[in-house]
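Participant: With the hints as a guide, bring the two chains together.
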Amino acid sequence: MALPRPPRPDPPMMGRVLVLTLVFGVLTFALLSARLWQLQMVRHGELEGKAIDQQTREVTATARRGTIFDRNGEELAVSASAQNVVLSPRDLLALVPQGEGATPQARQADRRRKLEETWDRLAPALADLLDTDEASIRRRLEKTNSAWEVLARKVEEGTADGVRTFVEENGLSGCLTLTADTRRYYPQGSLACHAIGFVNGEDRGAYGLEAAFDGDLAGENGKVLTAKNAAGTEMPQPYTGYADGLDGCDLHLTLDAGIQRFAEKALEEGVQKYDALHGGFCIVIEPKTGALLALASYPGYDLNHPLDIADRGTADRLDRLARDPSVDEDSYGRAKAQAQFVQWSSKYLNTAYEPGSTFKPIVMSAALEEGAVTPEDRFHCAGVVNVGGWPIRCSKRTGHGTQTLQEALMNSCNPAHIAIGQRLGAEKFYAYWKAFGFPDKTGVELPGESGSRFWPAEDFLSPNGLTSLATASFGQRFLVTPMQMAAALSAVVNGGHLMEPYLVASVTGPDGTVLRSHPPKEVRRVISQGTSDTVRGFMEQVVAAGTGKNAAVAGYRIGGKTGSSQTGETDHTIVSFAGFAPADDPAFLVLLAYDWPRPAAPGSTLTAGGVTISGGFMAAPMAGELIANILDYLGYEKEGGAQVSLPDVVGEPPAQARAELAELGLEARLLGEGTVVTEQVPAPGTAMPAGGSVALTLGDQAPDQLDADRAAFLSLKRFVDEREVSS
Amino acid sequence: MPKAMRLKEKPKKTSAWGQMDMPFFLLVVVLVVVGLIMLLSASYPTAIYDIKNITGGDAFYYFKRQAVFAAGGIAVMIFVSRLNYQGLRDMTWIVLALAFLCMALVRVPGIGHYANGAYRWLNYPVQWQPSELGKFALILFFAARLSKRDERRPLEFGRRTIFGRFLNLLERAGFFELVPYILIIVIMVGLLAIEPHMSATIQMLVIAATILFAAGIKLGWFVTGGALAGAGLTYIMFATDYMTSRLQMWRDPWSDPLDKGLQAIQSLMAIGSGGLTGLGLGQSRQKFLYLPEPQNDFVFSIVCEELGFIGAVLVLILFALLIIRGYWLALHARDKFGSLIIVGITTLFAFQVFANVAVVTNLFPVTGISLPFFSYGGTALLIQLAEMGLVLAISRQNPAS
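As they're listed, the protein sequences go chains W and S. For the first sequence, my numbering begins at 5 and goes up steadily by one. For the second sequence, my numbering begins at 606 and goes up steadily by one.
The shape of chain S in the complex, shown without the other chains (with noise of 0.2 angstroms):
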């Protein structure tokens, strides 16, 4: 279909391409608005006790603050799903070498910012963690290359020698096309390792193995890939101190109810006092300063508590239907760069949401992932509604089906 056609067709259109998923738009904007009731109804308690002095007592200082960035982060989605994200395939290295550049400062004093044991934030323009631009960068990167994959010319070597014939079968092995990501991937742990930041590392390899799964790679490295990971993943488990307590009160929180076990413990209880039906919006009785920052990582434990059973299942049923309907979306997407992309972000967030709620109900042992559009944070809630505008973008340029 020639592009001049549907320009006459919509001329008062400014992009060049049709309308974006409406579906998706409306399960992210119908998130972000429960979201923010539950914050406000999670966070109320915290902010009026005020113990540590942040909020002077405002029952809305969190949900205000949220708000706005809810409001803010709605206008950026719509902002960028009218981008044309072809664009983006020329800025990959620069969004990469920025995102490497700013994982770097956090260590740098005066610009990085040192909280809970961690340097993960920078100080500047607003606080924010660059490993979400990096987690970003990663995607773009890898979905742009990859996107290529099929114009990428398989190296030869001279098969007169043993070595030459091993790196032909490497090659053959799909083992030289890797290793420009595994080194991207290699930057990027590092970079978070020095933080450190363990639950962005997973989530950072969690993308990294998905894009490569989406976009074709042999089965047998995510093999090996799997075991490697699973490997170093015990190995930090059970050969550091830190971990395996943790892992120790991910068993059996009730050991040190009052410390180490308390978040988990008192989680499970407003959990569990949900019931099938739940106390009733806004009547959650745990948030009452037993579990710690209800309106942080925790936030969904108040949503079992009020909403109960089925009210927590009714939002997981969005949270599913816009994973599902963002797959669906790259399955249509008019390349295989956009299709890649969709997944990076779609699949970033599907764990994000995933991990986050096996942590609250304890599934996971307790990493700091929090639940996309419910927990409190302003620039990442920005950052995920100018990821979603992303994936409208793409949607965009879908070819009529």
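Pulled out of the complex, with its shape left as it was, chain W reads as follows (with noise of 0.2 angstroms):
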């Protein structure tokens, strides 16, 4: 090897290398494989799960939810679909283009600069849009770390076509969505508010049937996991997910938006008429089954706005506190929160009243099915009773004199009811209240049912319980909720049974399938059918000739019982009628009152109206009015008889017209002489009640004035005639 070789390395420069393989070949890469076990492993879930936040979008498929029908199917509350309007600041930043300068700073402000453009841009426009307030859109702008501010709730598709419109000129797709929603629509406006209450922003039920059945109503909202990419756009891959929502469950009312209809006009006219500070209500009930067939309470608001204040008076106070700079924010807001929960409490079940006089009529059934008096069996009332020595006035300062159960139910005499409690006594008194069902909650699917209000058993019972007992049995000193008073009165009229008052007949899932209904039930059998009947034709003869002769209507028969009873308070009186129709067999029954007349001065018993501030001269004539347009809109027929519709006996022989009159129960008189009727009063054709009569001129002959038409008519009528006559 005599050539000279090149240098081969050597062995310290060996050892280098192996030093050198060691770093770049191994160490480096444990380190890094050591790094991605970190990565992959220890933080995999933490990392997978910020990755998946950031890829995923969830929607809300809303479920639609049920709709509230009242007994006819007219529907008391639908949803109806709606958008929401969806912002992404975050990907509003993509959009701004790039800032440009030399420095990063500059570049960093110029970027700034540009968004800033942008959203000075966007700000008012949308506010414009979407009719809200321009800093709040501004605000939600400026989020820039966000990628979900919902600018504006539930708006109508008239502002969504704006929003899909100024997206496509703005070049806005992916920072400004629209995602479907569902809003609520009361189509009566303010009919049944209390019964039906209104659901919250986000359509949960918050009041009435909406929150009592809110479970049923509201279905299941679906989900929908899309995957998107980061410019937001929906990505087709398969980690997406799909969970099935469900459509909410449809309410069958018993209400009948109708007689709610008369109910409310009843109620409201009465309250303005005679100026009830406090409103009033009105339950109209069906006695034999407990179906409610209208709530009214007033005040009252629109469903579709239900934060308004609806009655004018306290909305005007209310705008005097918000001009008033002596008036804090905080007052002022006070002040609309207890005129909201007032307006959206219902008098008929949130609150308990003094029944008064329109009590009488449980108290008479209770002695009558306990034999403590007969109808036989005579009261004196002298104007004033002692009891426990308190004098007991009667309303009649001059006494009744000497009455029968009947007159004394008539005149509503407080003596002769305090001899008949009496008569009955507190144990028995007491046994019957239980039994009439005041003690519990009537159970109707209304959420915040108050509660009575009576003197403790053993208070009630012991000897100082006389006076109590002597109150009670007129109805006074206690308290109960309208409701309880509708089903113990319906249990009166009813042949005793107390039925369980509902609202609901029925729910129906979304493909219409009866999910539940509630059949009539009865809570228990309070008085007998001859103790019912008795009292209901006493309370037939109250309206007939008594103190609720007022509510009378000429051709119906109506029952009923009046009351006013007298509050704590100075001068608050409520004024009430408890009517039902038809008396013999009572189809429905009327509860309705004002609450606290304003008497024309302190102290005085009449309004400024010059009314009589009493159950019968306020509450019997509009409930009245109110049984007469129910029962003709429920199409009973006036008393004597039904409409006949006027027949054509004109041309006829007298004798034969008479017949053909009196036949449908109608009175034929006769004016003139003559061989055949030439003309008629009333014309053919009108309706007429059974038992008129009808004036029919004779003549010799029948009129000229018989056209072609009608002769042929004739003749083919005689032919028929002939024929069957024949056959």
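Don't read these hints as lab results, they were simulated from the structure. Treat the hints with caution; some may be incorrect.
[To be verified] The calculated DSS-like cross-link candidates involving lysine-lysine, where the alpha carbons are at most 25 angstroms apart (straight line), are:
{"#": "1", "chain 1": "W", "residue 1": "LYS642", "chain 2": "W", "residue 2": "LYS553"}
{"#": "2", "chain 1": "W", "residue 1": "LYS232", "chain 2": "S", "residue 2": "LYS657"}
{"#": "3", "chain 1": "S", "residue 1": "LYS657", "chain 2": "S", "residue 2": "LYS669"}
{"#": "4", "chain 1": "S", "residue 1": "LYS657", "chain 2": "W", "residue 2": "LYS118"}
{"#": "5", "chain 1": "W", "residue 1": "LYS54", "chain 2": "W", "residue 2": "LYS147"}
{"#": "6", "chain 1": "W", "residue 1": "LYS158", "chain 2": "W", "residue 2": "LYS227"}
{"#": "7", "chain 1": "W", "residue 1": "LYS269", "chain 2": "W", "residue 2": "LYS642"}
{"#": "8", "chain 1": "S", "residue 1": "LYS669", "chain 2": "W", "residue 2": "LYS54"}
{"#": "9", "chain 1": "W", "residue 1": "LYS54", "chain 2": "W", "residue 2": "LYS292"}
{"#": "10", "chain 1": "W", "residue 1": "LYS445", "chain 2": "W", "residue 2": "LYS432"}
{"#": "11", "chain 1": "W", "residue 1": "LYS553", "chain 2": "W", "residue 2": "LYS277"}
{"#": "12", "chain 1": "W", "residue 1": "LYS118", "chain 2": "S", "residue 2": "LYS669"}
{"#": "13", "chain 1": "S", "residue 1": "LYS865", "chain 2": "W", "residue 2": "LYS232"}
{"#": "14", "chain 1": "S", "residue 1": "LYS865", "chain 2": "W", "residue 2": "LYS147"}
{"#": "15", "chain 1": "W", "residue 1": "LYS118", "chain 2": "W", "residue 2": "LYS292"}
{"#": "16", "chain 1": "W", "residue 1": "LYS269", "chain 2": "W", "residue 2": "LYS553"}
Facilitator: Structural data, given as structure tokens:
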């Protein structure tokens, strides 16, 4: 080997290259693998969670909230689709061009300026479009870390279209989106507002049936999980999910929107006419079943705008408070909240009242049932009676004299009822108080049912309970809810069955199948059919000739009882009337009351309009009209026979005409002489009550003005008649 | 063993030496193929959505271009592997001069190309980075000169003066031997500083130090140099706002998740999402515009996301095997020149892999170092494969073991 060999790697170099191998070939890779282990194994969950958060979009598929129908299928509460307007300020950031400039600081400032320009441009336009406050939109725009800012909730289709156009014109897709939602509408406005109730911003029931049946109505929202890329566009990736939603169930109420309208009209008219300071209530119930036909309470509110104060006077008072500089916002807020609470609470269920004389039929039923009194008993009223050392006056200061049991009720005589109560005795009185269901809640489906307030049993049953028994006998100094009264009075007139009042006849699923139904439910039998018939008869006489005569409507058989309860407060009277019709077989019972008709002057028993403050003068006439309206609406004929359509008897011999009319229950009055009827009044086709009379003018021959058609018809008619006779 | 005998044994061989190293060759090819597949997977969403208006919505835009360069690159590698590297000894000064020239030209308007705040590219003949040539030139020059250090005569100075004795001390410590290398390094770093190009500067320093280390330069100089470089780096990191904010982003990328910390965060989410077995090839979610430009420096994040810890470590093992084989070839090279060239090329390669993966896993602050064979970039791939070819050329002259 003479050739000079180039230098070979020498041992020290080998050592150093081995060091390099160890460092760059082993150690660095060990370090990197350890780091990967840390990120991929230890922090896997955390980092993957963050990644999935940004990669997915969860869209709620809002379930349609169920509809509330009245008994005839009229819609009381419905849900319609609406859109939410959602802004992603973060994605908006991506649309703003990069900043320009020589230094990073300058570029940053330039970017910021461009961003601000975009905000300045969008904020007023969006505020205008969505009819909201520009400052709040601007605040949302500046939340650049957020990808989900709801700018407007539940906008209607018109606004949504505006947003779509705006997005297109400004290239905002991905930043400004619409998400499907539903919106609750109450097509009838304020009708039956307390019973139906309303939903909160999240479409969950807040009051009334909406709250009580929220679980049924709401359904279950579906969820759609979609993958998106960083530009917000959805991606065809398989890691998406879908959870089926379930539409809400529908409620079918016993309520009848037609009757409800009559009831609300009677209530509102009376409140205005008598200037009732605390409004009033009206319940219409089917005594045989307990089904509620109408539930009205005054003041009410518009279900579509439950936060607005509907009562004009209260709203004006709040406006004055709002403008008053000496009133701070807190006390204004409290006043408004108080007013809202008042208008959202129903007087027929959420509060209790003194029933007054409308309670007397209940006491009388108990006494009759127990044999403590008989219809033949006589009661004397001297105008005042002394109970336990306290003089209790009758409404008639001079006294009613001697009365039968029926007359005692007709006169609403307090001393007579005190006597009846005493004959019944405190123990039995208390037993019937319980039997008629007063200590218990009625169980009607509405939330917030108030309880009653009565003397504790040990006091009432003790010798000291004498005065309590006396006042209780004419319905004063204790509190019950109107719903309890309606149920108890129903038992009095329906043969003695205490029925549970109910409002929801059935719940049906989205496919229409009946999931639950509420058959009439008897709580207990309280009195016998005979007692019920007797008291019902007495009550008919109350309307026919007693204190309730203002409720009488010619042609209808109406029963009822008036009530005027003096509350503890000065001049605070609750005037009421409980009526039912038809009196022989009640189809419905009405309990109508006005709370605190304003007296003309302190201590006066008259209103400014000159009406005596009493159930008989105030509630009875309104209730009478209401009952007549309901009877008419339900298709009841007025007494005295059915309405008949007057036949054409012109051209017939008088005897035949008379016979034809008599067959329909009509009387023929013949005028003049002749062989044939030449004219009839009223004209043929007129609707007439049975028992009416028709004036027939007679002549020698049929009127010339019979036209050809008519002649042809008559001949045809005769032909047919003859055929029928001959066959 | 006489040369003539070998020629007789393998008469068909055009080259005078043996077979190239097959393990190294195969590892390169496997890595290039895996890299191409991962590039396709990582790049197609960016290519389809085409936010920067480059691809025209062609899903295969990046893949097709990279594939062409990969095929050409492997051909170049095989071609280079057949050359006799000994000829490079005489070309070191020419290559170095050419590299300096090109690196200076990047600042010339029209010829140089400006992007992302730096002049790193030349437009001719294709768009490429002269710093790549610079790194190669440095390796070549250092290897050629250091391989002859045994022939170098120590300088002698008069011992009569204190100055002369001091100089003799310096000579014995090896200082004067280092002067040419330090000069080259200073010029290189100077040229890179005006681009500026931080990551290339670091690579340059690392390979220079490694070759000097392998060639047997006294360890004390590395301690000194390391201390100097460390001090310089610390100064740059803490004294300049730019680097300080970068460091802040490194330590807490979540402090600015939508701007400066974006890449790091999205990369971490991608890697973390992978878990043990990954989401499956092609199943990355982060590549859908979350991770910016996943075909470039952050392609390894997508590898981690799709192939999981197992797949990512397998890829790292392939790289490690290639690097270890590279050093093995250096140890078995025919001469010190070849050995040092391999050390330089292998270290450059190893450092790029390490730095890139360290960046995507947020071990290092974000710097622009691409992953060899994986990241998109045609000329870079071509140059890397040519360098692999040079390693193979040297391996052909290994004495039979």
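Participant: All hints, please: hold or fail.
Facilitator: Hint by hint, here is what the structure shows:
no.	hint	result
1	W:LYS642 to W:LYS553	17 angstroms, holds
2	W:LYS232 to S:LYS657	19 angstroms, holds
3	S:LYS657 to S:LYS669	18 angstroms, holds
4	S:LYS657 to W:LYS118	20 angstroms, holds
5	W:LYS54 to W:LYS147	19 angstroms, holds
6	W:LYS158 to W:LYS227	18 angstroms, holds
7	W:LYS269 to W:LYS642	22 angstroms, holds
8	S:LYS669 to W:LYS54	33 angstroms, violated
9	W:LYS54 to W:LYS292	64 angstroms, violated
10	W:LYS445 to W:LYS432	21 angstroms, holds
11	W:LYS553 to W:LYS277	19 angstroms, holds
12	W:LYS118 to S:LYS669	38 angstroms, violated
13	S:LYS865 to W:LYS232	23 angstroms, holds
14	S:LYS865 to W:LYS147	18 angstroms, holds
15	W:LYS118 to W:LYS292	75 angstroms, violated
16	W:LYS269 to W:LYS553	21 angstroms, holds
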